[in-house]
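Produce the entire structure from the sequences given, and follow the hints as far as they go.
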Amino acid sequence: MSLENRRRMEAVFTVALIFCSAFTSGVQGDSLTILQAPEYVSFQKGDWPISGEKIPDMVALTMGFSVQEDLSWPGLRAGPLFQRPRANVLVVVRGVDSLALPQSVASYPLENPVPFTLDSVAETVHTLFAEDTPVVLQLAPSEERLYMLGKANAVFEDLPVTLQQIRARLSQDGSVLASLPLNSLSRNAEADLLFLSEVQVLHDITALLQRHRHLAKDHSPDLYSLELSGLEELGRRYGQDSSQYQDATAILANVLQKFGEDLFGLYGDSAVVEVVTVKNFEVPLTRKSRSILESKQIVSAFNLKIYIRRSMYIYAITQIISLLYLDLHNSLIWFQWMPIFSTSLSPTAE
Numbered sequence: 001m002s003l004e005n006r007r008r009m010e011a012v013f014t015v016a017l018i019f020c021s022a023f024t025s026g027v028q029g030d031s032l033t034i035l036q037a038p039e040y041v042s043f044q045k046g047d048w049p050i051s052g053e054k055i056p057d058m059v060a061l062t063m064g065f066s067v068q069e070d071l072s073w074p075g076l077r078a079g080p081l082f083q084r085p086r087a088n089v090l091v092v093v094r095g096v097d098s099l100a101l102p103q104s105v106a107s108y109p110l111e112n113p114v115p116f117t118l119d120s121v122a123e124t125v126h127t128l129f130a131e132d133t134p135v136v137l138q139l140a141p142s143e144e145r146l147y148m149l150g151k152a153n154a155v156f157e158d159l160p161v162t163l164q165q166i167r168a169r170l171s172q173d174g175s176v177l178a179s180l181p182l183n184s185l186s187r188n189a190e191a192d193l194l195f196l197s198e199v200q201v202l203h204d205i206t207a208l209l210q211r212h213r214h215l216a217k218d219h220s221p222d223l224y225s226l227e228l229s230g231l232e233e234l235g236r237r238y239g240q241d242s243s244q245y246q247d248a249t250a251i252l253a254n255v256l257q258k259f260g261e262d263l264f265g266l267y268g269d270s271a272v273v274e275v276v277t278v279k280n281f282e283v284p285l286t287r288k289s290r291s292i293l294e295s296k297q298i299v300s301a302f303n304l305k306i307y308i309r310r311s312m313y314i315y316a317i318t319q320i321i322s323l324l325y326l327d328l329h330n331s332l333i334w335f336q337w338m339p340i341f342s343t344s345l346s347p348t349a350e
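For the sequence shown, position 50 matches number 50 in UniProt numbering, and the numbering has no gaps at all.
If you are wondering where the hints come from, they were derived from the structure by calculation, not from laboratory data.
Careful: at least some of the hints might be erroneous.
[Stated by the list, open to error] Cross-link-like lysine-lysine pairs, in silico, DSBU-like; alpha carbons within 30 Å at most:
id: 1; residue 1: Lys279; residue 2: Lys217
id: 2; residue 1: Lys217; residue 2: Lys54
id: 3; residue 1: Lys45; residue 2: Lys258
id: 4; residue 1: Lys258; residue 2: Lys54
id: 5; residue 1: Lys54; residue 2: Lys279
id: 6; residue 1: Lys279; residue 2: Lys45
id: 7; residue 1: Lys258; residue 2: Lys279
These figures come from a predicted structure and were not determined experimentally.
If you want it as structure tokens, here you go:
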């Protein structure tokens with residue numbers, strides 16, 4: 001082979017290698033990052049992918065709950081039988097496949113990023129600890145809901161939830177605007193406000209727990225499921241190469257790092273904090289993904305709405321069912337004995 005042909009082949013291989021590297025880095029994909037975990041919840045470092053639909057099972061196992069199917073995933077080892085963390089905090093960030101979170105326990109590729117919820121885990125917590133005060137807080141901006149279950153959730157009723165409340169909160173003393181390097185982000189643009197409001201909610205959750213530390217010290221486990229879509233909205237509005245998107249990505253990484261550290265400390269180093277980053281959820285073709293800010297109705301109500309389901313509701317329903325059952329039972333007994341009474345009370349035939 002001549003020297004010229006050899007140089008040509010080397011150039012071709014170099015270009016191919018660069019192309020393959022760029023391609024693989026581009027599809028490296030979404031991830032599950034364990035920000036904090038106690039020593040007895042053993043996450044193993046390794047490049048083991050986990051399916052999005054298995055995230056609820058993984059969360060349940062970290063909290064010491066049983067699952068219907070075994071989680072055949074080597075990233076999580078079985079922990080002590082009689083020791084469970086005081087809380088599990090799962091943050092889902094939409095619109096980005098990874099964040100710079102250097103101080104983490106482990107990170108794993110996320111495959112099959114289908115939408116998921118922790119509703120089953122929340123119901124387990126609420127069922128097993130109905131007489132206690134577990135905090136079960138679920139934030140899903142895309143569906144305009146902030147679920148708060150259990151007796152302890154009156155503490156979180158002060159969270160700002162409407163556009164007017166958010167704007168008022170962001171203008172008050174102690175808001176995140178005073179400490180965040182906004183750079184290219186605007187306080188007036190709707191997409192920017194959506195992102196900043198989610199950062200404010202994270203800040204307020206930590207602040208509320210700091211003022212009510214007893215919630216983190218009882219024996220009932222707490223569950224936080226927080227889905228953030230502000231970064232996704234910024235990418236739609238300005239593009240992922242924009243300064244707004246880049247600034248927001250850096251801000252969110254720092255905020256989540258501190259959020260995880262604060263909650264881990266508030267729960268006495270006995271909490272699991274996970275961050276799931278997903279650029280695009282795989283949804284059925286019949287379901288069109290829509291921007292939160294596309295609807296004026298959603299803008300007017302902003303992206304958060306509170307539904308409070310207290311334990312007393314469930315208790316009242318169970319009491320009503322019990323009374324109905326008792327009434328039905330008594331009625332059946334009456335009908336069973338009624339022929340005897342009617343026979344004894346009827347005149348004797350002559």
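Structure-inconsistent hints, enumerated in ascending order: Number 1 only.
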